[in-house]
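Chain by chain, the residues run as shown.
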Amino acid sequence: MGEEKKKKLSIIVFSGTIDKLMPVGILSSAAAAGGYEVNLFFTFWGLQSITKSSIHSQKPPQIDKNYEQMGPIMMQRMQEMKYPMWHQLVQQAKEVGEVKVYACSTTMEFFGVKREDLAEFVDDVVGAATFLDRAEGGITLFI
Amino acid sequence: MTQEAKISKTLDARGMYCPGPVLETAKAIKQIQVGEVLEVLATDPAAKPDIEAWARRTGHQILDIQQQGEATRILIKRMK
Numbered sequence: 001m002g003e004e005k006k007k008k009l010s011i012i013v014f015s016g017t018i019d020k021l022m023p024v025g026i027l028s029s030a031a032a033a034g035g036y037e038v039n040l041f042f043t044f045w046g047l048q049s050i051t052k053s054s055i056h057s058q059k060p061p062q063i064d065k066n067y068e069q070m071g072p073i074m075m076q077r078m079q080e081m082k083y084p085m086w087h088q089l090v091q092q093a094k095e096v097g098e099v100k101v102y103a104c105s106t107t108m109e110f111f112g113v114k115r116e117d118l119a120e121f122v123d124d125v126v127g128a129a130t131f132l133d134r135a136e137g138g139i140t141l142f143i
Numbered sequence: 001m002t003q004e005a006k007i008s009k010t011l012d013a014r015g016m017y018c019p020g021p022v023l024e025t026a027k028a029i030k031q032i033q034v035g036e037v038l039e040v041l042a043t044d045p046a047a048k049p050d051i052e053a054w055a056r057r058t059g060h061q062i063l064d065i066q067q068q069g070e071a072t073r074i075l076i077k078r079m080k
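These protein sequences, in sequence, are chains A and B. Here the first sequence is numbered in my numbering, starting from 1 and rising by one per residue. Here the second sequence is numbered in my numbering, starting from 1 and rising by one per residue.
Because the hints were derived from the structure by calculation, they are not lab data. All figures in this text were calculated on a predicted structure; none of them were measured in a lab. Careful: at least some of the hints might be erroneous.
As the list claims (entries may be wrong) - Taking lysine-lysine and the DSSO-like style, the derived pairs with C-alpha atoms no more than 27 Å apart in a straight line are:
#1 Lys-9/B to Lys-94/A
#2 Lys-30/B to Lys-6/A
#3 Lys-94/A to Lys-80/B
#4 Lys-94/A to Lys-48/B
#5 Lys-94/A to Lys-30/B
#6 Lys-30/B to Lys-82/A
#7 Lys-8/A to Lys-77/B
#8 Lys-20/A to Lys-100/A
#9 Lys-77/B to Lys-7/A
#10 Lys-30/B to Lys-100/A
#11 Lys-100/A to Lys-52/A
#12 Lys-80/B to Lys-6/A
#13 Lys-9/B to Lys-48/B
#14 Lys-27/B to Lys-94/A
#15 Lys-82/A to Lys-27/B
#16 Lys-100/A to Lys-80/B
#17 Lys-6/A to Lys-48/B
#18 Lys-9/B to Lys-30/B
#19 Lys-7/A to Lys-48/B
#20 Lys-82/A to Lys-48/B
#21 Lys-77/B to Lys-94/A
#22 Lys-20/A to Lys-48/B
#23 Lys-20/A to Lys-7/A
#24 Lys-80/B to Lys-27/B
#25 Lys-100/A to Lys-27/B
Said to hold, decoys possible - Stretch by stretch, here's where chain A covers chain B in the computed footprint (C-beta under 8 Å, at least three residues):
#26 10-19
#27 24-36
#28 46-58
All residues carry an ideal CB built from backbone N, CA and C; glycine is no exception.
Kindly produce the complete structure, drawing on both the sequences and the hints.
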């Protein structure tokens, strides 16, 4: 048997709206279950979705302007289906596989977000060079 | 009809949607020994292709897939 090629899924999470965050949760948990190494890099509007205050907010999540008419219907169906929230999927992904959650240091400075403001499931604060290094040789998505 | 394998554990993933059945299958396979068989029941229409793809990726062996009414029944042998 030859050496098995490392399977990797890396996502640059740029958008902070629920329509973009759900696929991040779904893809990363499916990948983790399948034995992929998963790297999630939260930057710009994505970074705002991994603060403790955002995760624990009781307000309905924001949705992209283009899909806002569909938003309430989708959220209602997700509740009826007892579908997990995106960050619960990321947490499940961390339970089944090798998943790292990174926060972008520059964006933190832009928004005045401190390390202690970030959700518990964030592993580290890094820059673009670290992300590129972790993502090398795998599938990379920009969402 | 394949010969019925001895089932070590059953995962009832009925009513769960993608990626639920795959996630729970990945958890459940770790709870049996290598060589033992996991039975998965799922109603998600994507369960068959998804668990087949998952098994190919993770190196586990699908022994049998059957449709039983609304549920898909998948037997998976833990290979490593």
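Problem set entry | Ascending list of hint numbers which this structure does not respect | Checked against the structure, no hint fails, so every one of them is satisfied.
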